[in-house]
Amino acid sequence: MGQEAITLFQLNQKIKGVLDDAMLHSIWVKAEIGELRVNRTGHCYLDLIEKDETNDQINARSRAMIWAQNYRMLKAYFESTTGQVLGAGLKVLVKVTVQFQEVFGLSLIISDIDPSYTMGDLARKRREVLMRLEEEGVLEMNKELDLPPVIQKIAIVSSPTAAGYGDFINQLDANPYGIKFYHHLFPAVMQGERAEQSIAEAFDSVFEHIGVFDAVVLIRGGGATIDLLCFDSYWVAYHIAQFPLPVLTGIGHERDESVADLVANTSLKTPTAVAAFLIERAGDFLTIIDEKAKIIAEMARDLIQEEKQRTEQIATSYVPGVKLDLQRRTGRLERLIGRLPLSVSRRMGEESNRVMRMKDKIFDTGGQLVKDRKAALLRYQQSLLLLPKHKLSEEKRRIGYLENTSRLNDPDNLLKKGYSLTYLDGNLVKNVSGVKPGDIVNTRFYDGELLGKVEMVKKKNKNQNKK
Amino acid sequence: MAQKKQTYNQAIAEIEEILEKMENEELDVDELSDKVKRVSELVRFCRNKLKNTEEEVEKVLKEMEE
Amino acid sequence: MAQKKQTYNQAIAEIEEILEKMENEELDVDELSDKVKRVSELVRFCRNKLKNTEEEVEKVLKEMEE
Amino acid sequence: MAQKKQTYNQAIAEIEEILEKMENEELDVDELSDKVKRVSELVRFCRNKLKNTEEEVEKVLKEMEE
Amino acid sequence: MAQKKQTYNQAIAEIEEILEKMENEELDVDELSDKVKRVSELVRFCRNKLKNTEEEVEKVLKEMEE
Amino acid sequence: MAQKKQTYNQAIAEIEEILEKMENEELDVDELSDKVKRVSELVRFCRNKLKNTEEEVEKVLKEMEE
Amino acid sequence: MAQKKQTYNQAIAEIEEILEKMENEELDVDELSDKVKRVSELVRFCRNKLKNTEEEVEKVLKEMEE
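Residue numbers (the working numbering), protein chains in the order written: chain W, 666 to 1132; chain E, 112 to 177; chain F, 112 to 177; chain G, 112 to 177; chain U, 112 to 177; chain A, 112 to 177; chain C, 112 to 177.
These aren't lab readings, by the way, just hints derived from the structure by calculation.
These figures come from a predicted structure and were not determined experimentally.
Fair warning: there could be bad hints in the mix.
A few chain W residues that don't get close to chain C, going by computed Cβ distances all over 12 Å [as the list claims (entries may be wrong)]:
(1) I671
(2) I698
(3) P852
(4) E1060
Calculated pairs, DMTMM-like style, for lysine to aspartate or glutamate (alpha carbon to alpha carbon, straight line, at most 25 Å) [what the hints assert, rightly or not]:
(5) K959/W x E131/U
(6) K148/A x E167/A
(7) K808/W x D879/W
(8) K148/F x E169/G
(9) K740/W x E858/W
(10) K148/U x E169/E
(11) K1036/W x E134/G
(12) K790/W x D811/W
(13) K170/G x E166/F
(14) K173/A x E1015/W
(15) K132/E x E166/F
(16) K988/W x E127/F
(17) K957/W x D141/U
(18) K148/E x E125/E
(19) K132/U x E963/W
(20) K959/W x E167/E
(21) K973/W x E142/U
(22) K760/W x E805/W
(23) K148/U x E805/W
Cβ coordinates follow ideal geometry from the N, Cα and C atoms, glycine included.
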């Protein structure tokens, strides 16, 4: 004790004096909004924090506030620029003035906010989430699930109090096709810090009844409030992507699609759009079935009509066909018959001619034969006329010749020429040697004879006697 | 008469076969009247079949279209 | 008369054969009248066959049209 | 006269044989008149045969046309 | 009648199969009425399933609420 | 006179033989007139034969023509 | 005078024999003159023979010609 002491007020005055001297006006500070609330009068009170990148420990914390008048302006500007609700979890770049008040202590008065910083940060975070999902191979999983043609049993993940949910239900139940939709709500907090966890839990609950449902609808009930941070979160996206039923989202965003939308099987802008989609899809199915049935009905009728025509055509066409066939055959038969008389008469005529020719030939040949024989006979007859005459005349000639020859040797003829014959004692004297003088000889002439005595005998040379 | 098991298609096929033979003059006159009878039966069978089918189909379609 | 088993086609074939022989002078005068008789029988057979067939066919067709 | 069993063909063949002999002068005058008589008979036989055949055929053809 | 397990997918697949067969003219007159009946059943099944409340599903959902 | 059995051909052969002998001067004057007589007889025989044959043939042909 | 049985040929043969002897001067004048007489007789015989033969032949031929 005994030490000089100052009052708290004095101390705070001193601190205020130091801070004022430090001139900490209009400084741009990067921080994360830890907590944000607005009081009755519209002033906004925030908790700005800074976390250690590695272990998420809070390195720094400071209270901050935005005056109600400023807050209305900044909030609208921020939200319209970023499409994000100004609230906890966001990283912001704010212009602050450090203020110290004796009663309230240190506080940062925010006078301006740069939305582009927040947007960059969110975009980076989103990219990181998407990359992680991709690396894990789950990014497209839910998209790969076939969406049934009729999504009739629907698990709804939403906030029961949200107006969007009620509208969604009403829209489904009052669909114009009279289609019965079954739906069951799996309640979840759709905004704020607990949203991520709550949505993931809701999906887990759906999973327990997975056999009942055709699809999961994730719709956000919040009217004007646009707190979409949870839908970019890794865990929500992870649950959606890996869910074995197709997930349809109707989160109601204005600008970029959330990560939840990107991984969902089908993403639509609003719960209303989702309801309309489901109704139209089921309605389309009904229409398609009806149309196909109608086409089948038409085709069946056409087929029957076609077949009827075909049968009737056969029934009418084969009658003439048969008749034609019979006609053809009759014609063919009659043509054959027609050939008969002609070929018979031709054949008969030929034979008749042949016999006639033979007859004529016999006549000719027989006649010729007789004629030839007659001619031959005539030739013989002519030969007979000539040959004996010839023979006889030859013989005559021959006899004449013989007679002549004989006549030439007749001694009388010699005597006539002067030759004479001398006989001695009746014998013809052919030489003088047998005659001696004194012999009486008789000499014959052609016309008589002389008797005489041989006076002398003279003998000639032998040579001379040869004649 | 048509056999129990005969189908419309078989009947049509048989008719067409017979008609083709007829057109190609592959049919003896001796067979002709039998074949004509046969076709006649088959046509009757087909007509009945079509008529029954039409009635059944119409009934079903009317129910469906309501 | 035509044999029981003779078909129309066989009859036509026989007629054609005889006619062809006649036209090719392969037929003796001795056979000629027998063959012509044969043709005559066959023709009668064929005509009857055609006529009967036609009647049968007509009958069947009439029945069918009723 | 023609024998019972003689056919037209045999008759024609005999005529041709006789003709050939005549043409080849293989036929004696003594046989000639006999052969000519024979041919004459044969020709008459053939003509009768032809005539009869023709009549028969005519009859058959007329019957056929009725 | 529709099987317990039949889904919309199966129903439409079956309808489309029948339609395709018809379009490809693979459907006989013989099958026609059966197939049309089948389509009719399938359509009725789908309509019922779409428009009428299935008590079983209702029950399951109710149990879930508790 | 011609013998009963003598044929025309034999007669012709005898004629030819005699004529040949005549031509070859193998025939004596002593035989000559007998032989000439013989030929004469033969020729007459042949003539008659031919004449008869001719008449017969003519007769046959005339009959045939009728 | 010619003997009854003497033939023309024998006569000619005798003439020729005599003539041969004559030419060979085998005959003396006395025989010669006899022989000449004989030849003369023979010649006359032959001539007669020829004449008769000729007449006979002529007669026969004339008959034949008729």
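Against the structure, the hints:
Residue placement check: I671/W keeps its beta carbon more than 12 Å from all beta carbons of chain C (closest about 216 Å). With a closest Cβ-Cβ approach of about 181 Å to chain C, I698/W is found to remain outside the 12 Å limit, as its non-interface label requires. With a closest Cβ-Cβ approach of about 170 Å to chain C, P852/W is found to remain outside the 12 Å limit, as its non-interface label requires. Chain C draws E1060/W into its interface by the beta-carbon criterion, the shortest separation being 6 Å against a cut-off of 12 Å.
Note on K959/W and E131/U: the hinted pairing holds, with a Cα-Cα distance of about 14 Å set against a maximum of 25 Å. With a C-alpha separation of about 28 Å, the suggested pair K148/A and E167/A falls outside the 25 Å cut-off, and the hint is violated. Proximity of K808/W to D879/W is assessed by CA-CA distance (about 15 Å); at most 25 Å being required, the pair is judged to hold. With a C-alpha separation of about 10 Å, the suggested pair K148/F and E169/G falls inside the 25 Å cut-off, and the hint holds.
For the given pair, K740/W sits about 19 Å from E858/W by alpha-carbon distance, which is consistent with the 25 Å threshold. As the CA atoms of K148/U and E169/E are separated by approximately 10 Å, the hinted pair is consistent with the 25 Å bound. For a cut-off of 25 Å, the pair hint linking K1036/W to E134/G stands: about 13 Å separates their Cα positions. Straight-line distance between C-alpha atoms of K790/W and D811/W comes to about 30 Å, which puts the hinted pair past the 25 Å bound.
For the proposed pair K170/G and E166/F, the alpha carbon gap of about 29 Å is over 25 Å, so the pair is violated. A hinted pair counts as satisfied when its Cα atoms are at most 25 Å apart, and K173/A with E1015/W qualifies at roughly 23 Å. Proposed proximity of K132/E and E166/F is supported: the alpha carbons are some 21 Å apart, at most 25 Å. For a cut-off of 25 Å, the pair hint linking K988/W to E127/F stands: about 23 Å separates their Cα positions.
Taking the CA atoms of K957/W and D141/U, the gap is about 21 Å. The hint holds against a cut of 25 Å. A threshold of 25 Å between alpha carbons decides the hint, and for K148/E with E125/E the separation of about 12 Å falls inside it, so the pair holds. For the hint pairing K132/U with E963/W, the CA-to-CA distance comes to about 14 Å; that is within 25 Å, so the pair holds. With a CA separation close to 16 Å, the supplied pair K959/W and E167/E stays within the 25 Å bound.
Between K973/W and E142/U, the direct Cα distance comes to roughly 16 Å. Compliance with the 25 Å bound is thereby established for this hinted pair. Distance check on the hinted pair: K760/W and E805/W sit about 41 Å apart at the alpha-carbon level, beyond 25 Å; violated. Straight-line distance between C-alpha atoms of K148/U and E805/W comes to about 41 Å, which puts the hinted pair past the 25 Å bound.
The structure is inconsistent with the numbered hints 4, 6, 12, 13, 22, 23, although it conforms to all the rest.
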